[in-house]
Amino acid sequence: MSARLHALANPARFARFARRILPWMAALAALCIGVGAVWGVVFAPPGATPPEGQGETVRIMYVHVPSAWMALFVYGCMALVSAGALVWRHPLGHVLARAASPIGACFTLLALATGSLWGAKMWGAWWVWDARLTSMLILFFLYLGHIALTHAFDDPGRGARAAAILALVGVVNIPIIKFSVDWWNTLHQPASIIRRSGPAIDAAMLAPLFLMIFGFTFYFFAVWLLRARAELAALRTRALRLRLLAP
Amino acid sequence: MSGFGALLRRDLRLALRQGSDTATVLAFFLIVVSLFPFGVGPEPQTLSAIGAGILWVAALLAALLSLDRLFQADYEDGTLDYLLSAPAAPSLLVIAKCLAHWLTTGLPLVLLSPLLGLLLNLPSAAYPALVAGLALGTPVLTLIGAIGAALVLGARRGGVLLSLLILPLYIPVLIFGVGAVEAAAAGQGFRAHLLLLGAFLLGALALAPFVAAVALRQAAE
Numbered sequence: 370m371s372a373r374l375h376a377l378a379n380p381a382r383f384a385r386f387a388r389r390i391l392p393w394m395a396a397l398a399a400l401c402i403g404v405g406a407v408w409g410v411v412f413a414p415p416g417a418t419p420p421e422g423q424g425e426t427v428r429i430m431y432v433h434v435p436s437a438w439m440a441l442f443v444y445g446c447m448a449l450v451s452a453g454a455l456v457w458r459h460p461l462g463h464v465l466a467r468a469a470s471p472i473g474a475c476f477t478l479l480a481l482a483t484g485s486l487w488g489a490k491m492w493g494a495w496w497v498w499d500a501r502l503t504s505m506l507i508l509f510f511l512y513l514g515h516i517a518l519t520h521a522f523d524d525p526g527r528g529a530r531a532a533a534i535l536a537l538v539g540v541v542n543i544p545i546i547k548f549s550v551d552w553w554n555t556l557h558q559p560a561s562i563i564r565r566s567g568p569a570i571d572a573a574m575l576a577p578l579f580l581m582i583f584g585f586t587f588y589f590f591a592v593w594l595l596r597a598r599a600e601l602a603a604l605r606t607r608a609l610r611l612r613l614l615a616p
Numbered sequence: 166m167s168g169f170g171a172l173l174r175r176d177l178r179l180a181l182r183q184g185s186d187t188a189t190v191l192a193f194f195l196i197v198v199s200l201f202p203f204g205v206g207p208e209p210q211t212l213s214a215i216g217a218g219i220l221w222v223a224a225l226l227a228a229l230l231s232l233d234r235l236f237q238a239d240y241e242d243g244t245l246d247y248l249l250s251a252p253a254a255p256s257l258l259v260i261a262k263c264l265a266h267w268l269t270t271g272l273p274l275v276l277l278s279p280l281l282g283l284l285l286n287l288p289s290a291a292y293p294a295l296v297a298g299l300a301l302g303t304p305v306l307t308l309i310g311a312i313g314a315a316l317v318l319g320a321r322r323g324g325v326l327l328s329l330l331i332l333p334l335y336i337p338v339l340i341f342g343v344g345a346v347e348a349a350a351a352g353q354g355f356r357a358h359l360l361l362l363g364a365f366l367l368g369a370l371a372l373a374p375f376v377a378a379v380a381l382r383q384a385a386e
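Chains A and B supply the protein sequences, listed in that same order.
Just so we're aligned, residue 370 is where the first sequence starts under the numbering used here, counting upward by one.
Just so we're aligned, residue 166 is where the second sequence starts under the numbering used here, counting upward by one.
The following block holds chain B by itself, in its conformation from the complex (with noise of 0.2 Å):
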């Protein structure tokens, strides 16, 4: 459990200290966002009715932005060789460091999307489904995402890759996600939405950490 605890502060450390990753996510949801009103029109109807949409997939794609270098750096200079062969276990060092990976660029974008939601004129009733959606949708992008980040390790053209192998993967988070703002926009009960989304990121907690650490010793061997 040290292990754990020693990975997740080294990798919150490092993220805090650069610093860039964050704010690159986040300006990147901004930007994507904000560029849907030039495609669509600025009419508040229009961009209400797909609000929830976009701001859903800006999410997706801002989150996978930063995906292929969550075990990128680790296998260049050589520490994840000495990660595998830590005594802790490989696939909690993976939940160390998808935790580490959400806290600096899933829950700002959870955060964040409030915001971007007046933008997009989304109804004042939609709000708790978006970020309650988002708050349990994003780890699972960040889980699934590290079973692809563990796979391109060594790849050419990694990160175009990576968004191959793993958006296919995120379509059901994106139909339960923007299904739970549509219901309650509507004035229905978003409930099962987010008990899917909640069964989606157990399974995904007890399955993609596994899967991502095979993968991860493929990569180092």
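For reference, chain A alone in the conformation it holds in the complex (with noise of 0.2 Å):
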């Protein structure tokens, strides 16, 4: 297994192996999110009748549920390569963390977005500082501090190695965070508005659900992925223009 890793170090054949898996992962995507979001919208059971239920307004959750997953996934994906990146001096860990972390944010404003929204008819507010809301405005900064860092330095590879770090104080992080919200929110927030114990999931809702959930992470495979390739490619385009400075 580490060998295969180590032999992925080299750009060149992890461009092949990239280019081999991308379209399979692309294409799974386009399946999964396909069907799933068809089935979810036009064919599932809208929920209970609105005063009480959710009416139609339960559909957002097909978008809201994958992209708040996704949320979390691709901060857990940033980490483990950053990690890698820091421990085993992974040169590909550094390109695939500065390739997640801008598709990572932006699942998260779609998580917040669609909640939002849902907020909005549900709740008759676009934003309440529910403890899953502003969590999730938390890792949205997160995100962005990640993001500042990678490009705040003249030289790349100190961006990266600072983000790096940044990416596992934010994991060590992350559940204090989830954890003080959460005590802070029960203390605060007027139990009226959001009721804890919300009607279990219909399984004919569920299945369109898991598709969307697993097309939302190919789709994340996919984009990372091409992302990487882009930002090698730039790795490599700047080598060269340095290449051509040089006397």
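Some hints here could point you the wrong way.
Said to hold, decoys possible - Derived list of chain B stretches under chain A, where covered just means 3 residues or more per stretch with a C-beta under 8 Å from a C-beta of chain A:
id : stretch
1  : 308-322
2  : 330-339
3  : 371-384
Stated by the list, open to error - Just a sample of chain B residues kept apart from chain A, beta carbon distances all over 10 Å, derived:
id : residue
4  : Phe203
5  : Val222
6  : Asp233
7  : Leu367
Hints in this document: simulated from the structure, not taken from any laboratory.
Glycine included, each C-beta is placed from N, C-alpha and C at the ideal position.
Grab the two chains, each in its own frame, and use the hints to assemble them into the complex.
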């Protein structure tokens, strides 16, 4: 396993690997999201009738839940490759982390936006300082910090190493932040707005939901590989340009 | 250990002789707090209801203000390279610098806070929780800030970047610090909040110097 990981440190070999895997990931993503979206929006049953239930609003879930899941999943991936880059000095780790964080920020923003749309309909407010919304917002800030730090240095290598440390600091802090926000929220939040024990999810909604989750995951891997290839190409361009400048 | 004492003495002496950082931070704290009555109105009830939050947010921003200088001067004049090649463990040196930073900026904030509490009409029961909470919380702010300060060394617009990096990490301290004051003002026990702040302090003391030392070594490479 580790020998195969080290083989990928060669950029050309990684590019070949990415080129082979990418069409499969993209096709699986298109298939899962295509089927899941149509199933979820057209064929899945609506929620219970509005005053008590969620009615048609429940369909936002098919985008919201996968986005929220990806927001955390991408951070996990980013931390993993950052650890690989720091501990084993795997050169691909920094490239992958740099490629992942904007995708993660987009998924987090999508989760926040869809959550806000859902909240406007169900709670009558675009934004509520609910524990989960707040944690997601903080996660979004962490992504922004990571992106900003990556690009803050003239030497991209320095930015990548600093960002890798920040990603790992974030991993330690995310559970603490989550716990604090939950605690803060139970103290301040009037319980009338959010019912803690929503009805258990209908089995007929579960299948399209899982399809969407798988689709989003494949989509992430496809875009991740694509962006990593672009990052490698940018590094190569930079190296070539520096060589041209050298006497 | 001698490296620890020497660095602490040096940083304290530098801070005391230059004398500007402490005064600037305190003045900033005072000004930010006194802006709020203009923003929300001078009614004593309003101010005492949100006073804990104002004081904590202002303390947090004031602590942030001086943090980007924590390693910057040493980085620019090359002292950092010498410190890192010294026989003392780098994480110990980070603790020494953090302690000096806290003694010159955090501690004065803690001591000034009751006075600003008066301005905001804070109920008298809240003062022990405010001072104790700030005393436990401000070292955590310095320690977490040290990681950020080490990460942004050599970055463009490091100061602004620093706030983007570490303000999200300050949220737990803010929550429990304000929670302690509000619980005390409502006549409830605030021991749990202080214990949690203490736990954050111990956790930060164990982890942050190590991470900051790694970041410093990356910066010096």
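Here's how the hints hold up against the structure:
1. 308-322: holds (count 7)
2. 330-339: holds (count 6)
3. 371-384: holds (count 6)
4. Phe203: holds, 25 Å
5. Val222: holds, 14 Å
6. Asp233: Per Cβ check, aspartate 233 of chain B is outside 10 Å of chain A; nearest 13 Å; holds.
7. Leu367: Holds, since 13 Å exceeds 10 Å.
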